[in-house]
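Engineer: Take the given structure of chain B and dock chain L to it, following the hints.
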Amino acid sequence: MTGWNWLFPLAALILAPLLPGVINKVKAFFAGRRGPSSFQLYYDLAKLLRKGSVYSHSTTLIFRIAAPLILACTAVALLLLPWGGMSAPVSFAGDFILLLYLLALARFFLVISALDTASAFEGMGASREVLFSAMAEPSLMLGFLVLILHTGSTGLSGIASGIGFNDWQSSAPVLLMIAMAWFFLLLCENSRIPVDDPNTHLELTMIHEVMILDNSGPDLALLEYASSLKLWIFGGLLINLILPFRLDNLIYQILVFIPSMFIVSLLVGITESIMARLKLITIPKVLVGSAALGIVALLVKLVEYYQ
Amino acid sequence: MTFIPVILILSTMFLLSSSRLRTVIGVVAMQGLFLGLLPLLKSLDHLSLSIIILSLSGIIFKGIVLPLLMLKVIKETGIQRDVRPYVSYGASLPAGVLLLAFSAWLTIRMDFPAGTSLLIVTMAMFMMFIGLFLMISRRLAIMQSLAYLVLENGIYALGIGISLEVPLMVELGILLDVFVGVFLMGNLVFHLDREFQHTEVDGFILSDEASEGDSPKL
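First to last, the protein sequences are chains B and L.
Using our numbering, the first residue of the first sequence is number 1, and each one after it goes up by one.
Using our numbering, the first residue of the second sequence is number 1001, and each one after it goes up by one.
Just chain L, same shape as in the assembly:
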C-alpha cells in the first residue's frame, strides 16, 4: 500500500527536474493511472459500484484523455521543452524537498478523522504544493497547464486519503471541470502559439510588434 504514494511522491519530485514536455506529460499520465488505482486498492475488501466508477473515471480521464489532449497540443505547436524556467531545474529540487517537508509537518500537525492515511494526505498536499510551485516557476503556458493537472491530482488524492464514501459526485464534478479546463487550455495554447509566435507567458506580444524586432523568437 505504501508503494503507490511513494512512487507518486518520487514522480512528482522528478517533474521538478525534467524540462522535456513529452516526459512531463508521460509522468502526469502515470500519476493519473496510479491515482485511479488508489481507491480500488484502498477498499479491496468492500468494493462498491461507486468506487469502481470513481476509479475507472480517474484512470480514463487522468491517465488517458487529458495526457492525449496535451500531447496533441505539443504536436500542433511544436514545442519540445521549457528551456529557461523562472526557477532553474537545479534549484527546483531543493525547493521540492522543502515543500515535501512542509507538507509532512502539516499532515502530522493536523487532526484528521480516524482511518485517514497520513502518507496519502502528505502525498496529496505535496502534489498540490508542487502544482502551485510549477505554475509560478515555469515559463511555458503548456507547462503551467500541466502544473494545473498536478494540482488537481493532489486535490483528488486528498479526497481519497481522507474518505472514500462522500465524494463520488463531487469528484466526478471536479473531473468534468478539469476536463473542460484542460480542453480550453489546450485550445488557448494553440491559438496563443499562432497569435504570438511563442507560448512563453512573458513574451505575449502581438505578432506585428514582435516582427518589429524587439522580442526575439525563442
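One chain only, chain B, in its complex shape:
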C-alpha cells in the first residue's frame, strides 16, 4: 500500500476549501437562510488569484513573504497527518513535535506580518492571537502525551493506528476528555465562534481576520487557503482520535475518513449556531479549563498506569 498514502494530502489540498463552505451552509440552515454555495471559497480563491496585490508603504519584505510561507508550512504539516490505519506520507518518531512547530512557524509569520503593517488594529489582533494560542497549545501537547502513554508509540502514525475499539472500551473517559479538549482547540485555533467570530468586521473584537486586513489579492487567497488547510489538519487529528475504524483497505479508508471530515465541520457549524461568542476576557479562563482537562486526562492515565 506504500505510495497510496500520498493520496490523502492530495485530497486535503483539493477538498479543504469545502470545509468552511459546509460550516457556512450549516450556519445558514440554522438561521433559516439559503446561504452561499458550499463552493464559495473556491470562487473567492479564483477571483482573488486573478487580482493584483496592493502593498502599504509601511510594509517590508516580511509582509510580502509571509503569505507563501504560511501556506508552505501548513501544506508540509499536512504531510505528517496520518489517516487511521494508514501511516502518513512522512512519518518518524516524534513527528508530532514537527507538526506543532510547523503550525507555530506559520502563526509566527502571520503575527510578524501583521505587526509589519504598523497598523494599531493588526497589532492588537497579533497580541491576542499569541496570547490565546500560547494558552491553547498545552492541551494539544498534553493530549499527545496521554496518547503516547496509551499506545506506546511516539509517532503520529503509530498513535493513530494504535487507538481502536478496545481502547475506547477500556479507557473511554480519558480519550473522551482529550477529544473534548481537542474540539475546543480546533475551534480556538481556527478562529471559530466561541473564541473568535470569522464573520465579524469589527476590528475591536476579532482576532484572525484583523491580522489579514492588509492582505489583498493572491496573498489573501493564499492565507484563506492556508486557514482552510489548518482546519483540515485539526479535524484530521480529532478524527484519528475519535474514529476507531482501523481498516487496511484504501477504498474503505477514503469512504470513512473523508466524509467524517465533513461531519466535523457539521459539528463546528452546529456549535457556531447554538453558541454565542465568549467575552474576550473569559476566553483565557476557558482555555485554561481546556488545558486542565488535558492535565486531568494525563494524571488519570498515569494513575491507571501504576494500578
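Because the hints were derived from the structure by calculation, they are not lab data.
It is possible that part of the hints are untrue.
To be verified - Sample of chain B residues lacking proximity to chain L, with all beta carbon distances greater than 10 angstroms (derived):
1) Leu13
2) Leu18
3) Leu48
4) Glu129
5) Gly164
6) Leu243
7) Phe245
8) Arg277
Stated by the list, open to error - Listed next, the stretches of chain L that the computed footprint assigns to chain B, with coverage defined by at least 3 CB atoms under 8 angstroms from CB atoms of chain B:
9) 1009-1021
10) 1090-1100
11) 1113-1123
Glycine residues also receive a C-beta, built at the ideal position from the N, C-alpha and C atoms.
Structural biologist: Same frame as chain B, now just chain L:
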C-alpha cells in the same frame, strides 16, 4: 468503572471556578449521588445488605437531604454568589490542577492493600484537598460549609476506595455527624445573616457597629 471517578474529579474541578451558590449546591448533590452509587457498582457481583444500606444512606443524605438544607439556607438568607473570594476563580483552577497532581503523586507513592482502586483514592484525596482549599479561599460562610461537605465526600470516597467491608458502622456514624454539622451550620449561617447583615467571614461586625458606617454592606 473509571467513569464515576473521572466525573467526580471534573465536577470538583468545576467547583473551583463557579461562583453561584445554586450551581455549587447542585454539583455537590450530584457528587453525593455518584458517591452513593460507587459502593454498589464496585461490588455488583457480591452484594450484601450492608453495602446496600451504605449506598442508600449515602444517596439520601449526601445527594438529597444535605443539598436541600443548603438550598433552604440560601433561600432564607438571599445570598446568590460569592463575588470576591480570597483566591480568584482564575487562580483557583491552576491551584486545583496542582492539588490533583499532588494527590496523584501521593497515591502512587503510598502502599495500599491489594484491591485498592488507585483512581478512587486519587479522587478521594483530591476532593479532600479541594475541600480544604475552598474552605480557606472563599469568603462566604455558606461556601465554606459546602467546602466542608466536599471534604467529607472525599473522606467517604477514601473509605470506599480502600475497602468496603469494615466501615459500615463508621461511615454511618460519620454521616450522622455530618448531618448534624451541616444542620448546625445552616442554622448558624441564617442567624449570622440576621445578626451581622452579611455572611462574609471577615465582615463579622455587629449590626450596631456596621450601621455606624465603617463597613459597607456587600
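Engineer: Evaluate each hint against the coordinates.
Structural biologist: Evaluation of the provided hints:
For Leu13 (chain B), the requirement that its beta carbon stay farther than 10 angstroms from each beta carbon of chain L is met, with the minimum near 39 angstroms. With a closest Cβ-Cβ approach of about 35 angstroms to chain L, Leu18 (chain B) is found to remain outside the 10 angstroms limit, as its non-interface label requires. Leu48 (chain B), annotated as away from the interface, keeps every beta carbon of chain L farther than 10 angstroms; the closest lies near 41 angstroms. For Glu129 (chain B), the requirement that its beta carbon stay farther than 10 angstroms from each beta carbon of chain L is met, with the minimum near 21 angstroms.
Distance check for Gly164 (chain B) against chain L: the nearest CB is about 18 angstroms away, which clears 10 angstroms, and the non-interface claim stands. Under the 10 angstroms C-beta cut-off, the non-interface status given to Leu243 (chain B) relative to chain L holds; the minimum distance is some 21 angstroms. Even its closest Cβ contact with chain L, about 23 angstroms, leaves Phe245 (chain B) beyond 10 angstroms, as expected for a residue assigned away from the interface. No beta-carbon of chain L is positioned within 10 angstroms of the beta-carbon of Arg277 (chain B); the least distance is around 20 angstroms.
Against chain B, the stretch 1009-1021 of chain L contributes 4 residues with a C-beta closer than 8 angstroms to a partner C-beta. That satisfies the three-residue criterion, and the hint holds. Requiring three or more residues with a Cβ within less than 8 angstroms of a Cβ of chain B, the coverage given for the stretch 1090-1100 of chain L holds, as 6 such residues are present. Chain B is given as covering the stretch 1113-1123 of chain L, and this holds because 4 residues of the stretch bring a CB closer than 8 angstroms to a CB of that chain, at least three being needed.
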